Every structure is written in C-alpha cells, then in structure tokens.
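**Q** Can you build the whole structure from these sequences, using the hints too?
Here the protein sequences come in this chain order: A and B.
Just so we're aligned: 280 in my numbering is position 280 of the first sequence, and the numbers increase by one with no gaps anywhere.
Just so we're aligned: 1117 in my numbering is position 117 of the second sequence, and the numbers increase by one with no gaps anywhere.
Since the hints were made in silico from the structure, they are not lab data.
Since this is a predicted model, take the numbers as computed values, not measurements.
One thing to keep in mind: the hints can contain errors.
Unchecked claim - Cross-link-like lysine to aspartate or glutamate pairs, in silico, EDC-like; alpha carbons within 16 angstroms at most:
{"no.": "1", "chain 1": "A", "residue 1": "Lys150", "chain 2": "A", "residue 2": "Glu97"}
{"no.": "2", "chain 1": "A", "residue 1": "Lys63", "chain 2": "B", "residue 2": "Glu1065"}
{"no.": "3", "chain 1": "A", "residue 1": "Lys63", "chain 2": "B", "residue 2": "Glu1165"}
{"no.": "4", "chain 1": "A", "residue 1": "Lys329", "chain 2": "A", "residue 2": "Glu66"}
{"no.": "5", "chain 1": "B", "residue 1": "Lys1162", "chain 2": "B", "residue 2": "Glu1081"}
{"no.": "6", "chain 1": "A", "residue 1": "Lys184", "chain 2": "A", "residue 2": "Glu157"}
{"no.": "7", "chain 1": "B", "residue 1": "Lys1045", "chain 2": "A", "residue 2": "Asp226"}
{"no.": "8", "chain 1": "A", "residue 1": "Lys211", "chain 2": "A", "residue 2": "Glu282"}
{"no.": "9", "chain 1": "A", "residue 1": "Lys197", "chain 2": "A", "residue 2": "Glu147"}
{"no.": "10", "chain 1": "B", "residue 1": "Lys1162", "chain 2": "A", "residue 2": "Glu66"}
{"no.": "11", "chain 1": "B", "residue 1": "Lys1045", "chain 2": "A", "residue 2": "Glu222"}
{"no.": "12", "chain 1": "A", "residue 1": "Lys266", "chain 2": "A", "residue 2": "Asp240"}
{"no.": "13", "chain 1": "B", "residue 1": "Lys1069", "chain 2": "B", "residue 2": "Asp1163"}
{"no.": "14", "chain 1": "A", "residue 1": "Lys63", "chain 2": "B", "residue 2": "Asp1163"}
{"no.": "15", "chain 1": "A", "residue 1": "Lys184", "chain 2": "A", "residue 2": "Glu147"}
{"no.": "16", "chain 1": "B", "residue 1": "Lys1162", "chain 2": "A", "residue 2": "Glu62"}
{"no.": "17", "chain 1": "A", "residue 1": "Lys329", "chain 2": "A", "residue 2": "Glu97"}
{"no.": "18", "chain 1": "A", "residue 1": "Lys325", "chain 2": "A", "residue 2": "Glu157"}
{"no.": "19", "chain 1": "B", "residue 1": "Lys1070", "chain 2": "B", "residue 2": "Asp1163"}
{"no.": "20", "chain 1": "B", "residue 1": "Lys1098", "chain 2": "B", "residue 2": "Glu1165"}
Said to hold, decoys possible - Derived coverage of chain B by chain A (criterion: at least 3 residues anywhere in the stretch with Cβ under 8 angstroms from a Cβ of chain A; other residues may be distant):
{"no.": "21", "stretch": "1013 to 1027"}
{"no.": "22", "stretch": "1099 to 1108"}
{"no.": "23", "stretch": "1118 to 1124"}
{"no.": "24", "stretch": "1139 to 1147"}
{"no.": "25", "stretch": "1152 to 1166"}
What the hints assert, rightly or not - Counterexamples of contact, computed for chain B against chain A with all Cβ distances above 12 angstroms:
{"no.": "26", "residue": "Phe1006"}
{"no.": "27", "residue": "Ala1060"}
{"no.": "28", "residue": "Ala1072"}
Heads up, the beta-carbon is just placed ideally off N, CA and C, and yes, glycines get one too.
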Amino acid sequence: MSNLIDDDPRIIEFDVRTDEMLVNMGPQHPSTHGVLRLVLRTDGEIVSETEPHIGYLHRCAEKIGENVTPRQWIPYTDRLDYLAAMNMNLGWALTVEKLMRHGVGEKARHLRVLITELNRIASHLVGMGAYGLDLGTFSPFLYAFREREKILDLFEEACGARLTYSYITVGGATADLPPGWLQKCEAFLDQFEPIIKEYHALLTTNAIFVKRTAGVGVLSREMAIDYGCSGPVLRGSGVDQDMRRDGESLYTGMYDGYAFEVAVQKDGRYPRDHTYPSVPKEAVIGDCWHRFFVRMLEVVQSMDLVRQSIDRYAACREPLGEPLKLAEKLPVGDAYLETEAPKGQMGFYIVGNGTSIPWRVRARSSSFSNLSVTHELCRGCLIADVPAIVGSLDIVMGEIDR
Amino acid sequence: MRGPGFLESIEATFPGAVVGSQLEAIDPWIEIAPARLADVCRWLKTVGEPRFDALQCITAVDWFEPDAKKAAKVSWQPHLELVYHLWSTPARASLVLKVNLPRWSGDVAGHLPELPSVTGVWRTADWHEREVYDLSGVLFTGHPDLRRILCPEDWVGHPLRKDYEMPLEYHGIRAR
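**A** As structure tokens, then:
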C-alpha cells in the first residue's frame, strides 16, 4: 500500500502544494482536434481531474435523418467523420441494405473494400501527422499530408469531391471508377510503400517521441471494454477485436477471400513484426505509443488490402450496376450494424415504418466512447501529457457531436 | 443472440422480467420490464453465458405521431422505446434489449419518464444515457451525473421527441 502512495504524483506534489486551479483547454486550443473543450483541475503541473465538454459542433444529424430518405442522408454521414467519409458512407449504406435485405454485386463489393481501405490510410495519416503536432514536432505533419494529398487526388478523380464524397451509397456506388484509375492507384502504392520507413524514423523510433508517449496514458484491457472503446484504441490495449473479422456476416462477407491479420499484440509480438521497428522497452501495452503503433501497422495492412482488391476488382467483368432509387420504400422493422471505421466501430441504427423516410436514425460514434475514457487516463498526469493522451485517441469532433 | 435456451435462462433467473421478444426480426430482440432492466443487465454481464461485457449503443425511439390524421391510422399506442445493443467480446455475439416507457411519467406532459441507469454495469452508459436524456428526455435514476451533453445546459426541450418545437430564439439569436 505504501508503494501505491509513493507512486501517486498527486501525493508527492503535496509538499509544494499551491492553490488548485481550473484551466480551460479549448475549444480553440490547437491540440484538441477541433472544438473540444477540456476543463482541467490542476495543482501546479499535475492534473487531478479532466472534464471534456462537447457539443460545439452539434447539429442533430439524427433528427435530419428522420426527414430525408436514406440515400439523401448519405451526404450527412460524410460530415460525421470527415476524415474518413467513405467509411461513414459505407456504414450507413450497409445498415440500410441490411434493413432492406438487399445485397450488392461482386464488383461493388471489391470497389467498396478498395475505396474504404484507401480512406483508412488517409485517415491514419492525418492521425499520425496531427499527433506529431500535438507533441510539438511539425515535420511529420507535412510528410503525412503530402501523401494524403495523393489519395485525395485519387478520390477526386473517382467522385469529384476531396473531403465529402457521398460516393458509396445504398445499393452500390454512385459511379464506376474512371479508366486508368487503377494504374494510378497502383503507382501511388508503389511510391508510398518505401515512405513508411521514414514515418517510423520520424516518430515511432524517435527518442523524444518515445519519451513522450511510452508508458503515458495506460488504458487497461478491462477499462477499454468497459468504456466501449473500439478501433486502434481497443487494439492498442491488447484486445483482439476487429469488426472486419468479428462483425456481422453482412459486413465480414465483404472481406471474404481477403487475407489480413488484425493489428494487435499477441504474446508480446505484433503480426509480421520483424519488418517493423521493435517495441521500445519503456512502452507498456495500452499506452499512447501502442495506440499510435497500431495505427501505423494498419496503414500497411490497408495497403495490402488495397492491392488485393485492385486485382479482384479488375477481374470483375460485369458492370457495376445502379444504386437503389432515391426514395425506396423501407420495410417495417429496425436494423443495427457496426463497421470498422478508422477511428473505431461506427454503428448505425435505422427504424423503418413502411414509408421511404426512416422513423428513427441513430449514429453510434466510436470517438464519442473513446473520448469518454479521457478523465481516467488523465488522472494524475502532467498538463503537457494531456494533449499526448487526447491526441493518441485520434478523435474527430464531427462524429462526436453529430 | 440466436442460441436456443438463452431467452429461457433469463426468464428462469428473472421471472416476469421478459415481457416480449421477437426472435425472427433482422436483429432478434428481447423486451425487458423497465424496473428489472439494471438487474438483468448486471446478470448478462457477470453471470450469463456468454458474458455481454460491452455496451455498444443506447437509442431512444419516440413512437408518437404529431399529425392527428396520420395518428388515427397507426397501429401502435404512443410510447418511448429504448434499445440497448450489447456485445460480447469473448463470444463475438450481439444482443438487443428493448424497454418500453410511457412518453410522460403519469401522462403529465413535461414529466420525464424514469428508468434505472446501467452506468454501474457498463461505463459506456454514462455518456450514452446523458445523450438520451438530453435529446430524448428520459430520466435515468441512479446516474451519477445526469446533465445535458450535446445541447447547452440551459436548452429547453428534447429535440429527438417527435413533438419537439425549435425555440424561436436562444439568447437573442433567431433560431427559426
């Protein structure tokens, strides 16, 4: 017991105790990834309490969903996680298809894998670059955005938009890929693959980065599950769960025949870890470093999946097919589906009542649950560690506030 | 959860707690009596097999038709339906619980219906219940800190209710 007390930084600080102070971080603080306001109760440099205040971006997207048809709500899903809009489109499209018991063709299936995995890379690149910014290093951000730009160019060519795509839609996708697109995509992958080494050199193995993240903000396995954390945050804590493998058959069927290993540490080893830098000895499972590293592994994993899907998509000879009509009658009933978005498990829930407009629409945000664990992670940490911890959760406010 | 005998084991442990079920639906669901919800949830997390150790989502659906003409045609009575989506990490299985509540406690407009909180079972419920309270107007008894979460604290009304009307103005800002 005495050890516990010795280790608690709040107690050590007692000797030099000053007045407690409430510090506002945000909503315009650059390291809060959007309009998040954190109220910290601090004593000197030690944070004893953290309270996130959210809702600055709230526009009641769910209420809007009750007034438009499911296909008309697709543009609103773009604005949930705007860094991975394709994955949001897919989650909603699949949920509506589940309610309508509608399946899509082979070509649409491979196209969806191709596009969403590409978007996962883009999202993780922003996550990585912005995390560097949080910790005070600017260059990784530029490296990350340089490559993300090329993915956005590919998306722009496919659907005309660079951020809010509305590309994947109920019953397929709005249009087929233009001719020559696959070659451009392959060229991007060939050029991108060697660059990942640079990212590892810039951040993963960087001594300062390791000092700032290893052993900081440790999230235990049980706590991660209890708080409903998902995605890289959950896998960073050593929980072997990925909806692409463990989810409902409607979703996992999309990845039928694809080979990928879930990026999670098992028996002290990451899959294929001989090709990556080794885990620093200061790092503890569940800390900021592991959450970051899982994202980096998923970039490689997604690249692999994109390559596989290019071959499969190119082998499909039939046309893509038309998506469902704008106002298709929904059956009476409800359906819930969670998909593995880059930030975590994104769930959509739809209730149909026989008309073409849903009775109720619900978006279960992964960042919402991931953020709710902040006050546990920041208890007793230094003020400078708060951006490191919140940044490692890789949240997007558009999705939290809806 | 489609396994045989699962529903029966809940019924045997909590007689009278299961008030309805639809196992043929797209997502099969079980309806629980409001007063027993927290007990059933605790059992599902700690005793039942498989263990539902994670709560994915809490949703409130407002079954109310404000248009009198359309309301005459609907087949249901006005009520609030709460939907709990549970997930079992070890078994990779999901379970849907539903709870029906009156729209207003004692049928007095403005008196929010009450439901036992499941915050003590899953910590996910903390923010999710705050959101349901904020947007749909359900009072969760036993919740440690039931405040609005997405809307400002001085906001009036619960926007996801079907009879909600946007205020004309908010702190001097025209709202509609």
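**Q** State for each hint whether it applies.
**A** Hints, verified against the model:
{"no.": "1", "hint": "A:Lys150 - A:Glu97", "verdict": "violated (31 angstroms)"}
{"no.": "2", "hint": "A:Lys63 - B:Glu1065", "verdict": "holds (15 angstroms)"}
{"no.": "3", "hint": "A:Lys63 - B:Glu1165", "verdict": "holds (12 angstroms)"}
{"no.": "4", "hint": "A:Lys329 - A:Glu66", "verdict": "holds (14 angstroms)"}
{"no.": "5", "hint": "B:Lys1162 - B:Glu1081", "verdict": "holds (13 angstroms)"}
{"no.": "6", "hint": "A:Lys184 - A:Glu157", "verdict": "holds (10 angstroms)"}
{"no.": "7", "hint": "B:Lys1045 - A:Asp226", "verdict": "holds (10 angstroms)"}
{"no.": "8", "hint": "A:Lys211 - A:Glu282", "verdict": "holds (8 angstroms)"}
{"no.": "9", "hint": "A:Lys197 - A:Glu147", "verdict": "holds (14 angstroms)"}
{"no.": "10", "hint": "B:Lys1162 - A:Glu66", "verdict": "holds (10 angstroms)"}
{"no.": "11", "hint": "B:Lys1045 - A:Glu222", "verdict": "holds (13 angstroms)"}
{"no.": "12", "hint": "A:Lys266 - A:Asp240", "verdict": "holds (8 angstroms)"}
{"no.": "13", "hint": "B:Lys1069 - B:Asp1163", "verdict": "holds (15 angstroms)"}
{"no.": "14", "hint": "A:Lys63 - B:Asp1163", "verdict": "holds (12 angstroms)"}
{"no.": "15", "hint": "A:Lys184 - A:Glu147", "verdict": "holds (14 angstroms)"}
{"no.": "16", "hint": "B:Lys1162 - A:Glu62", "verdict": "holds (12 angstroms)"}
{"no.": "17", "hint": "A:Lys329 - A:Glu97", "verdict": "holds (12 angstroms)"}
{"no.": "18", "hint": "A:Lys325 - A:Glu157", "verdict": "violated (24 angstroms)"}
{"no.": "19", "hint": "B:Lys1070 - B:Asp1163", "verdict": "holds (14 angstroms)"}
{"no.": "20", "hint": "B:Lys1098 - B:Glu1165", "verdict": "violated (27 angstroms)"}
{"no.": "21", "hint": "1013 to 1027", "verdict": "holds (count 3)"}
{"no.": "22", "hint": "1099 to 1108", "verdict": "violated (count 0)"}
{"no.": "23", "hint": "1118 to 1124", "verdict": "holds (count 3)"}
{"no.": "24", "hint": "1139 to 1147", "verdict": "violated (count 0)"}
{"no.": "25", "hint": "1152 to 1166", "verdict": "holds (count 3)"}
{"no.": "26", "hint": "Phe1006", "verdict": "holds (18 angstroms)"}
{"no.": "27", "hint": "Ala1060", "verdict": "violated (9 angstroms)"}
{"no.": "28", "hint": "Ala1072", "verdict": "holds (15 angstroms)"}
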